[in-house]
Amino acid sequence: MINISDDNFHNDHRINGHVEPEEDIRQYNYLNLGPTHPATHGIFQNILKMDGEIIVEAEPTIGYIHRAFEKLAENRPFYQIPTITDRLNYCSAPINNIGWHLTIEKLLGVETPKRVDYLRVIIMELARIADHIICNSVIAVDTGALTGFLYVFQWREKIYDIYEEICGARLTTNIGRIGGFERDFNETVFARIEHFLKEFPAALKEFESLVMRNRIFMDRTIQVGGISAERALEYSFTGPNLRAAGVDYDVRVMTPYCSYEDFDFTIPLGSSGDTYDRFCVRQEEMWQSLSIIRQALKNLPEGNFHADVPEFYLPPKENVYNSMEGLIWHFKIVMGEINVPKGQVYQCVEGGNGELGFYLISDGGRQPFRLHFRRPCFIYYQAYPEMIQGSMLSDAILTMSSMNVIAGELDA
Amino acid sequence: MSKVEKTDNQFVRESIQNQFGPAVKSIEESYGMLDIVISKDTLIPVITWLKKTETLRFQFLTSLCGVHYPEQKEFEFSVVYHLHSLTQNIRIRIHIFMPESDLKVPTLTTLFAGANWMERETFEFYGIQFTGHPDLRTILNVEDMNYHPLRKQYPLVDNTRTDKDDKYFGR
Numbered sequence: 001m002i003n004i005s006d007d008n009f010h011n012d013h014r015i016n017g018h019v020e021p022e023e024d025i026r027q028y029n030y031l032n033l034g035p036t037h038p039a040t041h042g043i044f045q046n047i048l049k050m051d052g053e054i055i056v057e058a059e060p061t062i063g064y065i066h067r068a069f070e071k072l073a074e075n076r077p078f079y080q081i082p083t084i085t086d087r088l089n090y091c092s093a094p095i096n097n098i099g100w101h102l103t104i105e106k107l108l109g110v111e112t113p114k115r116v117d118y119l120r121v122i123i124m125e126l127a128r129i130a131d132h133i134i135c136n137s138v139i140a141v142d143t144g145a146l147t148g149f150l151y152v153f154q155w156r157e158k159i160y161d162i163y164e165e166i167c168g169a170r171l172t173t174n175i176g177r178i179g180g181f182e183r184d185f186n187e188t189v190f191a192r193i194e195h196f197l198k199e200f201p202a203a204l205k206e207f208e209s210l211v212m213r214n215r216i217f218m219d220r221t222i223q224v225g226g227i228s229a230e231r232a233l234e235y236s237f238t239g240p241n242l243r244a245a246g247v248d249y250d251v252r253v254m255t256p257y258c259s260y261e262d263f264d265f266t267i268p269l270g271s272s273g274d275t276y277d278r279f280c281v282r283q284e285e286m287w288q289s290l291s292i293i294r295q296a297l298k299n300l301p302e303g304n305f306h307a308d309v310p311e312f313y314l315p316p317k318e319n320v321y322n323s324m325e326g327l328i329w330h331f332k333i334v335m336g337e338i339n340v341p342k343g344q345v346y347q348c349v350e351g352g353n354g355e356l357g358f359y360l361i362s363d364g365g366r367q368p369f370r371l372h373f374r375r376p377c378f379i380y381y382q383a384y385p386e387m388i389q390g391s392m393l394s395d396a397i398l399t400m401s402s403m404n405v406i407a408g409e410l411d412a
Numbered sequence: 413m414s415k416v417e418k419t420d421n422q423f424v425r426e427s428i429q430n431q432f433g434p435a436v437k438s439i440e441e442s443y444g445m446l447d448i449v450i451s452k453d454t455l456i457p458v459i460t461w462l463k464k465t466e467t468l469r470f471q472f473l474t475s476l477c478g479v480h481y482p483e484q485k486e487f488e489f490s491v492v493y494h495l496h497s498l499t500q501n502i503r504i505r506i507h508i509f510m511p512e513s514d515l516k517v518p519t520l521t522t523l524f525a526g527a528n529w530m531e532r533e534t535f536e537f538y539g540i541q542f543t544g545h546p547d548l549r550t551i552l553n554v555e556d557m558n559y560h561p562l563r564k565q566y567p568l569v570d571n572t573r574t575d576k577d578d579k580y581f582g583r
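Protein chains in written order, with this note's numbering: chain Z, 1 to 412; chain W, 413 to 583.
Derived from the structure by calculation, the hints contain no laboratory data.
Just to be clear, a hint being listed does not mean it is correct.
[To be verified] Listed below are several chain Z residues computed to face chain W (Cβ distance under 8 angstroms; list not exhaustive):
1) H66
2) L233
3) E234
4) Y249
5) M254
6) W329
7) K332
8) P341
9) G343
10) I379
11) Q382
12) D411
13) A412
Ideal Cβ placement from N, Cα and C applies to all residues, glycine included.
Make the full structure from the sequences, and use the hints.
Right, here's the structure in full:
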């Protein structure tokens with residue numbers, strides 16, 4: 001809140017305690033930050049009204065990569081929608097995919113086996129780590145510390161190697177199917193996860209010791225781009241940004257999905273909602289995610305890797321080629337010929353940067369009648385002008401990178 | 413766990429019916445969440461009451477979106493609000509319906525700062541006019557776009573385009 005209430009730059013014009021705007025003799029400069037600026041990490045434009053080096057007003061323009069996902073989704077059968085969700089928050093695509101699968105499973109009333117839930121939790125927590133690695137190391141880059149970024153970024157590649165072994169893709173994963181996974185995790189996957197769990201903590205620790213108590217980093221981030229808990233709630237903040245402001249709202253705890261209630265983890269909280277708190281909350285969340293993955297691996301139940309939903313889960317290929325039933329189901333699923341119950345479902349998951357919600361209206365047809373994505377960064381990015389008001393340009397850059405605004409999700 | 417949730421939903425249902433009576437057109441429960449249909453004029457009083465009442469405290473606007481039902485005459489357009497009470501941990505869904513001839517809805521920006529862009533998005537996609545909104549412009553598309561693309565009458569593919577003609581596959 002420091003920067004928001006601090007109106008030092010009005011002081012010259014205060015005569016006997018009141019502001020006389022008509023006597024504003026300051027000269028403003030207008031600065032175009034973006035759309036393609038190396039420090040904005042995505043395509044965002046902000047027209048900044050500057051008084052010297054102080055930002056007086058900011059006017060964001062968004063929508064540069066708008067791809068009409070909600071319209072597209074109304075024209076696709078349910079099993080073709082995960083590829084749209086991939087492209088929302090592409091830093092943690094598996095969370096989006098699984099969030100969508102949970103939505104449709106909720107509509108259909110599918111009970112997934114515990115093994116599916118645990119495997120999904122492993123993937124989602126890996127995705128959360130990948131998401132936070134990007135965000136936190138980029139905050140460090142924006143303060144001028146490129147080294148830490150290089151140290152941890154290769155670990156994101158290791159996570160992508162794990163995705164690749166599970167589903168064949170690295171960035172836009174399309175992981176899982178309605179009801180579970182397309183195949184069980186093989187030995188290589190578990191070996192890679194074990195390797196990651198063994199080696200990554202040292203790298204993360206190294207990154208932390210490099211950055212977290214670094215004098216320059218702390219000076220650059222503490223009390224920069226802060227927001228109070230009240231304002232954050234009014235702006236419908238979610239995720240690490242809300243928790244940094246001190247509100248303990250985490251979807252994994254409030255409305256557990258995917259058996260998150262089986263796991264023991266803590267929700268880190270900040271107090272001032274500034275850039276440093278957001279950084280620290282994410283950092284601690286990565287440690288918690290590692291602990292969740294360890295618990296999931298330790299208690300991984302035996303069982304099937306998918307639920308029994310023949311109407312939506314593709315039959316094995318030998319059935320398709322050798323039996324009439326299998327071929328019929330395969331054809332019906334691929335053509336999207338299967339009707340679903342009518343109804344309205346809201347399902348949310350804790351995405352990398354907040355509550356990712358899917359509001360699905362089904363009219364019983366092969367496509368959604370309406371699908372609305374609650375995209376966390378679209379909702380909290382609107383507080384950005386307020387958060388950077390009265391701060392320096394260089395702080396505005398840091399505030400943006402610490403908010404973890406992902407262009408794909410912002411613009412849908 | 414589920415039993416507690418159910419009594420909570422029941423409590424919300426009863427208190428909203430006691431408070432507003434006929435203004436509440438229907439309350440149903442689907443997939444564990446209350447679907448409350450209210451009339452458009454009572455939107456602001458109901459949501460203010462839900463937000464301020466101590467026992468409910470629906471102080472978190474989760475999402476806001478429009479829906480177009482071309483089949484329902486006189487109720488073609490709808491705005492859906494998802495509210496969340498963080499203290500009670502209950503979510504509710506509020507629907508308002510309106511005919512195409514009268515797409516004016518009071519804005520929620522006075523209650524929730526975050527409603528600003530969500531309403532702009534809904535305006536852009538469905539043409540719903542939020543009265544009292546401080547800055548009702550398009551947000552994701554170009555400023556001079558003069559139609560509302562998520563309405564059902566607009567097909568996904570623009571049929572007026574000639575560069576996509578594919579005579580061999582009949583598309």
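Chain W contact restraint on Q382 (chain Z) - CB to CB distance below 8 angstroms: holds, 4 angstroms
Interface hint status, L233 (chain Z) versus chain W (Cβ within 8 angstroms): holds, 6 angstroms
Hinted contact G343 (chain Z) with chain W - closest CB pair below 8 angstroms: holds, 6 angstroms
Interface hint compliance - H66 (chain Z) to chain W, C-beta minimum distance less than 8 angstroms: Since chain W brings a Cβ to about 4 angstroms from H66 (chain Z), closer than 8 angstroms, the hint holds.
Interface hint status, E234 (chain Z) versus chain W (Cβ within 8 angstroms): Holds - the Cβ of E234 (chain Z) comes within 8 angstroms of chain W, reaching about 4 angstroms at its closest.
Hint check, Y249 (chain Z) versus chain W [nearest Cβ-Cβ separation less than 8 angstroms]: Interface hint status for Y249 (chain Z): holds (6 angstroms vs cutoff 8 angstroms).
Restraint check, 8 angstroms cut-off on beta carbons, for I379 (chain Z) near chain W: holds, 5 angstroms
Hint check: 8 angstroms Cβ-Cβ cutoff, P341 (chain Z) to chain W: violated, 10 angstroms
Supplied contact hint for W329 (chain Z), tested at 8 angstroms Cβ to chain W: violated, 26 angstroms
Interface hint compliance - K332 (chain Z) to chain W, C-beta minimum distance less than 8 angstroms: violated, 23 angstroms
Closest C-beta approach of D411 (chain Z) to chain W relative to 8 angstroms, hint status: holds, 6 angstroms
Interface hint status, A412 (chain Z) versus chain W (Cβ within 8 angstroms): The hint holds - A412 (chain Z) has a Cβ within 8 angstroms of chain W, the shortest such distance being about 7 angstroms.
Figure legend: structure checked against the earlier numbered hints; hints not met, in rising order: 6, 7, 8.
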